[in-house]
Structure formats: structure tokens, C-alpha cells
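Residues per chain are reported as follows:
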Amino acid sequence: MKKLFYIILFFVSSFVEGQSIDTNYSISAGIRLKKYTGFYWVNGISGEFHSTKLLNNKLHLGLNIATSNLGTAFNSNALSTWETEISTIYFFRSSKKLNPIARFNLGFASVQIDDKYSSIPSRSFIASIETGVNYSISSYSIRMFGGYNLLSGNGITGLGTIYPIYGGIGIMKSFK
Amino acid sequence: MKSIYFVFFTLLFISCSKTDKIPPIDNAIDLDGTQINDSSLTYPERFLLSAKIPAPSDQDKNTPVYICVHGFTATTFEWIEFRDFVRKKGNAYTSLVLLGGHGRDYNDFKNASWEDWQQPIKDEYTKLINLGYKKIYFIGSSTGCPLLLDIVSQNVFNTSIVKKMFLIDPIIIPSNKTLTLVNTIGPALGYSASEMEKGENGFWYKYRPYQALYELNTLTQLVRKKLEKGLTSEIPIETFKSNKDGSADPLSAALIEKGINGTCLTNIIPSNLHVFTRLNGRNNYTTEDYNLQQNTFNQLLNQ
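These protein sequence lines are chains A and B, in that order.
Just so you know, we're using the working numbering here: the first sequence kicks off at 1496 and counts up by one.
Just so you know, we're using the working numbering here: the second sequence kicks off at 7 and counts up by one.
If you are wondering where the hints come from, they were derived from the structure by calculation, not from laboratory data.
Since the structure is predicted, the reported quantities are computational estimates derived from the model, not experimental observations.
Take these hints with a grain of salt, some might be off.
If the Cβ cut is set under 7 Å, some of the chain B residues that face chain A in the computed set are [unchecked claim]: (1) S181; (2) G236; (3) A260; (4) Q305.
Just so it is clear, CB atoms sit at the ideal spot from N, CA and C, and this is done for glycine as well.
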């Protein structure tokens, strides 16, 4: 888990360093609420970076950190799950307020279970493709999305909390 | 662009259309057909204690009774080996319940709700209580487990008589996660065929109508949500879960342990069999599988 944290830190810091020489960048951050069909709400935060140098603002780079502790497991007996993803997001009609979007996420998921379950997978890579629409109002944007997990888990060769289909909404605020 | 609309509307049409495809049932060998039924329907006294001993003695009433509940598409066959094991030991009784809609034919299975599956469990329990039995244990396998947990949540069990509940390879979340999509893709599929080993023919349904899969999904979702809220059980629960169960996700055991408010023990079993306590009908099993089965039977019986 620590390794993943450092990789993400490196990924994010690379952007921050890049911003000092690119004055046409923009960063945004917000919340992402995701529901697996037939399973948990997994909610968290999301950040994005885009620049005129990345396909003229059409390509965004993103980071999602989400947990069921802020979703179904909040104040319940549901399992605590964590998901961390880095993303590339393509915005169609980027100059308009309403944009169809396509997204690819790659990351890591885990579930917190007792040691007695050590022979059951408790962590897994995740990869998903996503599509949706984004609507911008001033410095805010709201989006709806649906996605498909390419690596869903059966509890033997993959983490059993990763379901194939999901949908959700996100609210982002642009800071520059 | 037109082709995208065509694909979209075709998929929408398929998902909305109510097809009722008839599977290629072989009446001579398939339980799904109209010729083969579960034996408990013809000879209930060989399976149900209430039918075997309709007027129990005081000694009978004080003998422990194990009500055994099988899983989705299965029959009483799933617990025959345990019944025979208990008979040899001679210090307890078993009562093997056939779930509603099971052990009959495809149409019965298709038309039964999960509440129908559950009803014979309640019926046999009520009969045994009325006959005066004082020590009742429940054993569920696979889908039998959420059916039992749902009854626990209804508070209908007499907790001074029901001593303990054992869950063998319970399903709360399925291994095949596409089960959750049955509402959408089920009508287009009509049914799914399961791969069956030769010795299992005639004892399990081979074809699973989407209506039955829908019921299974409804039941597991319902019980999962009850566990998330906290399912209070005054009856001690003990779970045995294969760590490489390819039908019921092994995390189901963790969901039960976390969701039960009460005594709940979990045993993780090193096995790749779903319902590892049933070996009859399998093409192959190892000495380790046999030992696990026998050890577990002893554990169930020595409570």
C-alpha cells in the first residue's frame, strides 16, 4: 500500500512541477459518488489536471480515491473497501458547456478483512472504461457516468468486491 | 452514426423483450423434465422426521434433530451423506427439507419465488416444534444459508429449542457477478445451462430460468442488506467456507461474520469445492476432500 502511495505522490508531484512552466493548465477537484450495480456505494474524492498542451484541453488526467466507508459501509456492517485510480479522460466538444466524456481508469482496490481470511484475495488491480456527460456552470461542473470493470473479481482469482457495472455522479470545482 | 442507433435500439429491444425460451430438456435423465422428481416427494418418511415419526416418544423428543437445507437447483441429495453418517452414529435425527420449486420440473422452478423456496423449512420446523422436539439444529448449504438467515431475521425460531445454526458455503455475494445484471439481460437469455457432472444428473436442475436467477439475486441482495444493517441472532451461528469456492464468493463468510449481532464463528476450509460436505455425484474428489467432509460431519454432530 505504501508503494502505491509513493507512486501516486510521484504522479501528482509531476503535475505540480509541470504547472510552473505551463501557464495554461487547470486543476479541479471534487467528489465522486459511485455505485456498483447490485453492490456498494464507494464514494470519495477526485482530482483532474488539464492543459492546452494535452490535446488542447481535451485530455484530462485524473486521480480518484474512494472508499465504501464514505458509502455503504458508513455506519453499517458492510465491508470497508478502498479504491485508488489514475485516469485519462477525453472531453468531446471541449469548448462547449455540455461534453460527452470517455474515461479509462487504472488502479488498485483492497478490502479490509480479518487475518483468518488471509487465503482469500483482499487486494486487486482494477481497470475500467467509463463514459458519461459533463456539464459546466461557471467554475463548477457536474457529471454523470457509467462504467464497466474489465477486471471484476470472483473471490478466488480476484477481489470479490469488484462488480462489473457501475454508475455515478461527480461534482468538480475548477481552481484555475 | 445510424449504425450506433441501430445497435442501441436492438440491444434495448432485446433487453425489453420477454422471451420464454424452452431449454432442451431430456425427460429421461434431467430433473428439469416431468419424469424425474426428488424422492422425498414420493417417500417423505425417508427424508422428513415429521413424516418418519409422527408420534415421537419422550426419548425421541430429547434426541437432537438436524434440519438440513440444500442449495439453489439442488435437492435433498445434497445432504444424503450426512443423513447416512448420522444414522450410523445413531445419536441424532436428520430431517432433509426439499425447497419449494425444487426437485420437480422446469416450470415449477421457473414459477417459484424465493419465499416459496423457504416455506418448506418453516413448515418442517413448525411440525417438529408441535410434535414436541426439544433440540433442533439447522444446517444450510449455499442458498439454504440466506434462506435460513432470513428466517432468523423474522424472529420466528424458538431460541430455547433451536440450539445452533451451521452454514456450509453460504452465498451472500455470488462468484459470478453478472448475476446482478439478471434483471437486464435475463429476459434476453431466457435461461442458462449449468455444467453438470455425470453423477449429478437427475439430482440438480440443469437449466436455470432467468426468473429463478432473479429470485436468487433478490434473496442474496435482501440478506446482504439485512446483514449490513445488523442481523440480530440469539442462535449461535457457525460458518464453514471453502476458500476457493467458485460459486459463492468466499467473502460471503466475512459479510456474515461482520453482519451478525450475536455469536458467529467462521471456519475457512482449504477446498475448491462448492458445498464441500457433498462428495456423492462428483467425478473426482481427493482423500483430503473426504477427510474434510468427515471431520466437518463430526464437528456438526458433536455440538
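Exercise. Which earlier hints can't be squared with this structure?
Worked result: 4
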